[in-house]
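Trainee: Listed here are the chains, written in short residue letters.
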Amino acid sequence: MSMEGAIASGEDMPLSFQGPAPLRVVAGFGFWLFLLSDILIFAALFAAYAVLSGETAGGPKAVELFDKRHVFIETVCLLASSVTCGFGALAVLRGDLRAMYLWMMVTLALGVAFVSMEASEFSTMVAAGAGPSRSAFLSAFFTLVGTHGLHVSLGMVWLVILLLQVRSLGLQPAMSRRLFCFGLFWHALDIVWIGVFTIVYLGAR
Amino acid sequence: MEHLAEAQGRAPGPSRHSRHPGMSYLVGLAYAIALTVASFWASSTTSVYGPAAPVLLAVLAIAQMGIHLVFFLHISSAPDQTNNVLALAFGIFVTAFIIFGSLLIMTHLNHAMMSMEQLQSIQR
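Sequences listed follow chains A and B, in order.
Position 83 of the first sequence, counted from 1, bears residue number 83 in my numbering, the numbering being contiguous throughout.
Position 32 of the second sequence, counted from 1, bears residue number 32 in my numbering, the numbering being contiguous throughout.
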């Protein structure tokens, strides 16, 4: 096949002949690498929790502290917010500004519900004398679950900033790229939460 | 530009090319809810043999993570996703390395350590 034919079809050309990838692909891949490195932070915290989960120093054990119904509602909130965030990302691809605002607002509301449920759980635990300073197990618990909650909270701050930016800048390519990266971040947090509810809450003994 | 993007690889995330792009999220949600309910059931039921329950929970969690990767992050085995999959594989490798490595070393240390009573009897 002649070189011209290859260029015309695009797909048969070796990668190295095709020039730089579009910004959207490069930005997405870079953000994907960041997400994987963020997951390594959680891996370290999971390892610490798994090692320390039995070290209660005579304090309350995991199985006495956690309310599974509470955790189930938190999980459903986060799952639903992942889906609404996906619908928001699709609205961005269509250029449908109104649908984007609607779905992202729902995502934000579900995120607020999740974080406030987690905050109420933390405050009742601390009030009952099961704060992070009680035992090594509780230190590891508050660090792991708190880091996830902090990620969700910062994600929501990021989303609010993005929505304000869209209001003033419109859905220009840079904005749709940022919203796309936010979506990746939000889905990755959901994956981390699967680990949290399985190991911390359901694996409690 | 767009066909070049396809030839050069895609970043994880929604695709504008599938016919019903919203379906992926709904199918993913259905699977994820089913697996979540199964996990909560497995943790509270007595019909699963006790020592096997953690294994069942781990399997359900890994399955759900896979569902999220495929239906929400749209990671696939397509040739244009090789970079994403390789990065993911490395991430999973290091994650497993950290978690299982720590558990292995710490349980071994626990075994090798003298118990509190023995320590106190020496100090006396």
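By construction, these hints were calculated from the structure, which means they are not laboratory data.
Quick caveat: nothing in here was measured; it's all calculated off a predicted structure.
Idealized CB from N, CA, C, for every residue including glycine.
You may find that some hints are simply not true.
Unchecked claim - Simulated DEER-style distance windows between Cβ atoms: (1) B:Met113 <-> A:Ser133: 23 to 29 Å; (2) A:Pro20 <-> B:Leu86: 34 to 40 Å; (3) B:Val27 <-> A:Val26: 28 to 34 Å; (4) A:Ser123 <-> B:Ser44: 44 to 50 Å; (5) B:Ala89 <-> A:Ala119: 34 to 40 Å; (6) B:His108 <-> A:Leu102: 28 to 34 Å; (7) B:Ile105 <-> A:Thr143: 17 to 23 Å; (8) A:Ser37 <-> B:Ile105: 48 to 54 Å; (9) A:Gln172 <-> B:Val27: 42 to 48 Å; (10) A:Val157 <-> B:Leu109: 37 to 43 Å.
Trainee: Check the structure against each numbered hint from earlier and tell me which ones fail, lowest number first.
Mentor: Hints 2, 4, 6, 8 and 9 not satisfied by this model.
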